[in-house]
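S.K.: Residue numbering for the sequence shown follows the numbering used here, starting at 1 and increasing by one per position.
You may find that some hints are simply not true.
[Claimed, not checked] Here are the simulated DSS-like cross-link-like pairs (lysine-lysine), alpha carbons at most 30 Å apart as the crow flies: (1) K210 with K200; (2) K290 with K344; (3) K118 with K99; (4) K190 with K210; (5) K329 with K308; (6) K79 with K109; (7) K79 with K61; (8) K79 with K99; (9) K61 with K86; (10) K118 with K202; (11) K195 with K99; (12) K200 with K190; (13) K315 with K329; (14) K61 with K237; (15) K118 with K79; (16) K210 with K195; (17) K315 with K237; (18) K230 with K195; (19) K79 with K94; (20) K210 with K230; (21) K210 with K344; (22) K329 with K345; (23) K344 with K329; (24) K110 with K99; (25) K200 with K99; (26) K202 with K190.
Hints were generated in silico from the structure; no laboratory data involved. Just so we're clear, the structure is a prediction, and the values are computed from it rather than from any experiment.
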Amino acid sequence: RLAILVTRFLRNRITRRHPVNSHFQHQVIVPFFASLKMTSSVELPTSLHPPASVRGMTELKPEAFDTVVDVPCFEADTKFVGIIMKHVREQLLKLPNFKPVRDASDGAKKLFLLDPCKVREYGDLSAEARDALSACGVGTLSSQDVTLSYANWTAEEVLRAVLGRPDASGFSVVGHILHLNLREHLEPYKALIGKVYLDKVKNVTCVVNKVNVIESTFRNFSMEVLAGEKNTQVEVKQNGLRFQFDFAEVYWNPRLSTEHSRVVSLLNRDDVLYDVFAGVGPFAVPAAHKGCVVFANDLNPHSFSWLKRNVELNKVSGRVSTFNLDGRKFIRTVLGCNLREHAKKGARVHVCMNLPSLATEFLDAFIGLLENGPASPDSSENTVSKDVPKDPSANRSAGTTEDSSADCSARSVKDPSADHLTGSAKDLLTDLSVDHSAESTEDLLQGPSAEEPSKGSSEKLPEWGTPVVRVHCYCFVKEEDRFG
1 RLAILVTRFL RNRITRRHPV NSHFQHQVIV PFFASLKMTS SVELPTSLHP
51 PASVRGMTEL KPEAFDTVVD VPCFEADTKF VGIIMKHVRE QLLKLPNFKP
101 VRDASDGAKK LFLLDPCKVR EYGDLSAEAR DALSACGVGT LSSQDVTLSY
151 ANWTAEEVLR AVLGRPDASG FSVVGHILHL NLREHLEPYK ALIGKVYLDK
201 VKNVTCVVNK VNVIESTFRN FSMEVLAGEK NTQVEVKQNG LRFQFDFAEV
251 YWNPRLSTEH SRVVSLLNRD DVLYDVFAGV GPFAVPAAHK GCVVFANDLN
301 PHSFSWLKRN VELNKVSGRV STFNLDGRKF IRTVLGCNLR EHAKKGARVH
351 VCMNLPSLAT EFLDAFIGLL ENGPASPDSS ENTVSKDVPK DPSANRSAGT
401 TEDSSADCSA RSVKDPSADH LTGSAKDLLT DLSVDHSAES TEDLLQGPSA
451 EEPSKGSSEK LPEWGTPVVR VHCYCFVKEE DRFG
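Build the full structure now, drawing on both the sequences and the hints.
M.R.: In structure tokens, the structure reads:
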């Protein structure tokens with residue numbers, strides 16, 4: 001550091017007292033001082049950061065983040081700005097709310113402020129950049145003290161400086177709400193953390209923190225407002241569609257956007273979707289928008305209300321029927337009453353069960369849905385199953401047992417929440433076909449499907465008089481529960 005300061009002082013003194021042409025500066029003076037710099041063995045800083053004095057702060061004091069930085073710079077005529085920018089753009093000091101190119105003190109030139117982590121001396125610039133600067137009359141760098149403030153640091157830089165590590169760097173944004181899930185040891189800092197995110201994240205006007213795990217019947221969670229307005233009604237756009245809801249009353253996970261899109265991509269126009277735990281409609285609405293016939297249900301009256309609102313908002317009312325029922329009752333009544341009609345029409349039927357904690361507990365509701373009378377013999381689906389367990393509890397844990405002719409596959413949804421939800425999309429056949437979700441793409445349950453007997457077996461499937469409709473069921477479970 002001392003060597004650099006002495007070198008800079010001598011260089012400035014020489015060039016001021018003994019002006020020389022730019023060619024001589026470039027060919028003689030610059031290499032000389034560059035060699036002095038190299039012998040000093042001074043390393044460039046790796047990053048700029050707030051002052052160490054803010055460590056452990058629990059009440060945000062923006063003025064405490066002010067720090068003075070020695071920044072390399074140069075001045076050039078305004079007419080050369082375009083040429084110079086082509087060669088030094090990547091070396092400019094780029095910070096939030098900071099202009100690295102500004103008017104010089106005399107007003108006739110521009111001042112270029114360089115990143116001290118990338119450049120300290122003229123020789124740090126590439127040969128091409130030095131040639132371009134030399135042609136513009138710039139043959140050396142000077143330095144200037146620049147004050148950086150709270151406004152120039154990112155949220156991550158501020159929190160790292162205060163906490164010592166990026167403990168609070170993860171968050172989700174839902175509309176104008178930024179959602180945190182702070183760990184217990186961050187409790188003393190939560191007000192500061194909320195204010196920092198409110199200040200630093202664009203379009204956020206409310207910062208909330210989850211204060212308990214999701215255990216309620218309706219899967220919404222208690223939250224506290226850390227900073228900003230206490231308005232939890234939001235509007236979000238997902239996959240080109242609009243959704244409105246009160247974030248404090250319903251369940252919405254923005255990290256499941258890709259999974260919502262993936263499941264909907266498996267549907268074809270005019271397919272039938274039964275969304276057992278529809279929430280505010282992230283599966284039901286895009287499915288209807290794609291042209292599917294949708295039966296959407298949710299037990300939470302708030303979710304049900306917003307579901308109806310989102311159906312209208314996205315103009316798919318003609319394709320969606322909404323219900324406010326217990327999931328099991330919805331399966332036994334709404335789905336059960338329509339299965340035979342779907343079989344007659346040869347419709348592809350899908351059931352979505354997005355309730356990670358309890359979805360598999362509802363699979364026994366499917367058993368026996370077709371026992372009360374035969375479907376039309378001209379149904380296009382003529383597949384059957386055998387060895388369906390008669391005891392609902394036998395099907396309770398993973399949706400099937402060793403005796404079931406079930407094909408089960410899975411797919412991981414990477415960290416959509418602390419629960420690690422999982423989803424699936426492969427056929428499984430019982431008395432209707434159920435897709436159960438787990439973690440990998442391997443078959444978790446062995447046994448032939450009704451359409452493809454096991455290799456080496458000459459046994460024919462039983463000829464039943466009642467065709468069985470195939471239903472594709474996407475069942476979300478917690479990762480730790482996936483093996484039942």
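S.K.: Are the hints correct? Go through all of them and say.
M.R.: Comparing the hints with the structure gives:
1. Note on K210 and K200: the hinted pairing holds, with a Cα-Cα distance of about 20 Å set against a maximum of 30 Å.
2. A hinted pair counts as satisfied when its Cα atoms are at most 30 Å apart, and K290 with K344 qualifies at roughly 23 Å.
3. The straight-line distance between the Cα atoms of K118 and K99 is roughly 17 Å, inside the 30 Å bound, and the hint therefore holds.
4. For the hint linking K190 to K210, the alpha-carbon distance of about 11 Å falls within 30 Å, and the restraint holds.
5. Using a Cα cut-off of 30 Å, the hinted pair K329 and K308 holds, with the two alpha carbons roughly 20 Å apart.
6. Distance check on the hinted pair: K79 and K109 sit about 9 Å apart at the alpha-carbon level, within 30 Å; holds.
7. For the hint pairing K79 with K61, the CA-to-CA distance comes to about 42 Å; that exceeds 30 Å, so the pair is violated.
8. Distance restraint check for K79 and K99: the Cα-Cα separation of roughly 18 Å lies within the 30 Å cut-off, and the hinted pair is therefore satisfied.
9. Annotation: proposed proximity of K61 to K86 is violated, straight-line Cα distance about 39 Å (limit 30 Å).
10. Annotation: proposed proximity of K118 to K202 holds, straight-line Cα distance about 28 Å (limit 30 Å).
11. Distance restraint check for K195 and K99: the Cα-Cα separation of roughly 25 Å lies within the 30 Å cut-off, and the hinted pair is therefore satisfied.
12. For the hint pairing K200 with K190, the CA-to-CA distance comes to about 15 Å; that is within 30 Å, so the pair holds.
13. Simply put, K315 and K329 have alpha-carbon atoms about 28 Å apart, close enough for the 30 Å limit, and the pair holds.
14. Between K61 and K237 the alpha-carbon distance is near 35 Å, which puts this suggested pair outside the 30 Å criterion.
15. For the suggested pair K118 and K79, the alpha carbons sit about 25 Å apart, so the restraint of at most 30 Å is met.
16. Restraint check: the Cα-Cα separation between K210 and K195 comes to about 16 Å, which is no more than 30 Å; the hinted pair holds.
17. Pair hint K315 plus K237 holds up; C-alpha atoms about 15 Å apart against a cutoff of 30 Å.
18. With a CA separation close to 14 Å, the supplied pair K230 and K195 stays within the 30 Å bound.
19. Only pairs whose Cα atoms come within 30 Å are accepted, and K79 paired with K94 is accepted, the gap being roughly 22 Å.
20. Under the criterion of a C-alpha separation no larger than 30 Å, the hint pairing K210 with K230 is consistent with the structure, at around 14 Å.
21. Our distance criterion of 30 Å between C-alpha atoms is broken by K210 and K344, whose separation comes to about 48 Å.
22. A threshold of 30 Å between alpha carbons decides the hint, and for K329 with K345 the separation of about 24 Å falls inside it, so the pair holds.
23. Distance hint between K344 and K329 is fulfilled; the C-alpha atoms sit about 23 Å from each other, no more than 30 Å.
24. With a C-alpha separation of about 11 Å, the suggested pair K110 and K99 falls inside the 30 Å cut-off, and the hint holds.
25. Straight-line distance between C-alpha atoms of K200 and K99 comes to about 18 Å, which keeps the hinted pair within the 30 Å bound.
26. For the given pair, K202 sits about 19 Å from K190 by alpha-carbon distance, which is consistent with the 30 Å threshold.
Hints 7, 9, 14, 21, counting from the list given before, are not met by this structure.
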